[in-house]
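S.K.: Below, each chain spelled out in residue letters.
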Amino acid sequence: ILNVEQSPQSLHVQEGDSTNFTCSFPSSNFYALHWYRWETAKSPEALFVMTLNGDEKKKGRISATLNTKEGYSYLYIKGSQPEDSATYLCASAGFQKLVFGTGTRLLVSP
Amino acid sequence: GAVVSQHPSWVICKSGTSVKIECRSLDFQATTMFWYRQFPKQSLMLMATSNEGSKATYEQGVEKDKFLINHASLTLSTLTVTSAHPEDSSFYICSASHRSDTQYFGPGTRLTVL
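So the protein sequences, as listed, match chains R and Y.
Residue 1 is where the first sequence starts when you use our numbering, and the numbers rise one by one after that.
Residue 1001 is where the second sequence starts when you use our numbering, and the numbers rise one by one after that.
Only chain Y is shown next, with the shape it has when bound in the complex (with noise of 0.2 Å):
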């Protein structure tokens, strides 16, 4: 039980594109879905956080009008990437929870921007 997908695995893209990836909660209901992303060597560092309905709430630093978060429905959460550019490339990872502490992760997304 408890698994999370996420779509694409990967992904390459032109600067100025925005690229859309996705995060389900496959057997459970996400009240929570949390992203996150890491650069080499470094740690996983949330990005925002979202409810189910609500709008996401962003760490500082975090530009709001860049990550566009949307957590629609209890299964499913969607980052988008507006206009990427290179130092945009990073791995993308996203974590569901309900209604407890323990988060579940997705295998994450590598996004290269060109």
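Here chain R stands alone, though its shape is the one from the complex (with noise of 0.2 Å):
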């Protein structure tokens, strides 16, 4: 059973604060870990799908970081705006199925 972990919970930051939290998954096995940013009433938008160790994406100002060997991710903003403010939630893939964290919720406040 994998058993993804997302942290912090929720994070407050100012408008222009770079910002970054963790997605930690079981190392064995790892097939891809997706990255999605859900506002509310909105539906999850993918961000990044990433696959090799070392792996670096970049969308815009989201850039994600990948460790297989260590079983981590890290996703980076620069400079947040108040239209960052989302929850990001990030899953590890096994052959069609996605075992989701419980989120990070970001707040930018201008």
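Worth double-checking, as some hints may not be accurate.
[As the list claims (entries may be wrong)] Pair ranges (Cβ atoms, derived):
#1 Gly54(R) <-> Lys1014(Y): 50 to 58 Å
#2 Thr65(R) <-> Lys1066(Y): 38 to 46 Å
#3 Lys69(R) <-> Thr1080(Y): 42 to 50 Å
#4 Thr1112(Y) <-> Leu107(R): 23 to 31 Å
#5 Glu83(R) <-> Asn1070(Y): 34 to 42 Å
#6 Val13(R) <-> Lys1066(Y): 40 to 48 Å
#7 Pro110(R) <-> Ser1073(Y): 44 to 52 Å
I should point out that these hints are in silico values taken from the structure, not numbers from a laboratory.
Here a beta-carbon is modelled for each residue, glycine too, at the ideal position from N, C-alpha and C.
Taking the hints as your guide, dock the two standalone chains into a single complex.
M.R.: Here you go:
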């Protein structure tokens, strides 16, 4: 049984701050790691799919890194903006299955 | 692209009634659709996986006779919660994929059973 954990549970930063959160997952039988951004009352939006150890992906001010040997991924947001406020989910992927963490809720104040 | 809709967005029903939730892929053909539920302060938990034209595969602990899943076309899957009870109150969300690992999610349905 996969156990995916995210920390912190919630985070409150000021506009312009850079921030990061952690996703840890079992490193055995690793297949892929997904990051989603989920705004209230909207659909979770796919950010990244990461598969290779040492992978680093970037989308605008958001980037993510992956360490499959030790079982963690970091998500970074540079210069946070109020519109970045959302819950960020990570999920470890097996064949056709995603196992989600509970998410990190980010609030960015103007 | 890759938009998934879900209907209704919320529903309140009496105990013992059945509720149907629809999940549609609007701009792509979904070879596989997934149903998840989320209880308060918990993670999204996979309930079942369905491939178009095939019977759904249910996760351990999910009653297939209670949660009926139909994936009759490449753009529509339905989840019917039969004889709903208050403990079935939860947030139900679907996702769809087309021959890739990325799942595209609907906005979810909040079910409250009185």
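S.K.: Compare the structure with each hint and give your call.
M.R.: Against the structure, the hints come out as follows:
no. : hint                                 : in the structure
1   : Gly54(R) <-> Lys1014(Y): 50 to 58 Å  : holds, 54 Å
2   : Thr65(R) <-> Lys1066(Y): 38 to 46 Å  : holds, 41 Å
3   : Lys69(R) <-> Thr1080(Y): 42 to 50 Å  : holds, 44 Å
4   : Thr1112(Y) <-> Leu107(R): 23 to 31 Å : holds, 26 Å
5   : Glu83(R) <-> Asn1070(Y): 34 to 42 Å  : holds, 38 Å
6   : Val13(R) <-> Lys1066(Y): 40 to 48 Å  : holds, 43 Å
7   : Pro110(R) <-> Ser1073(Y): 44 to 52 Å : holds, 45 Å
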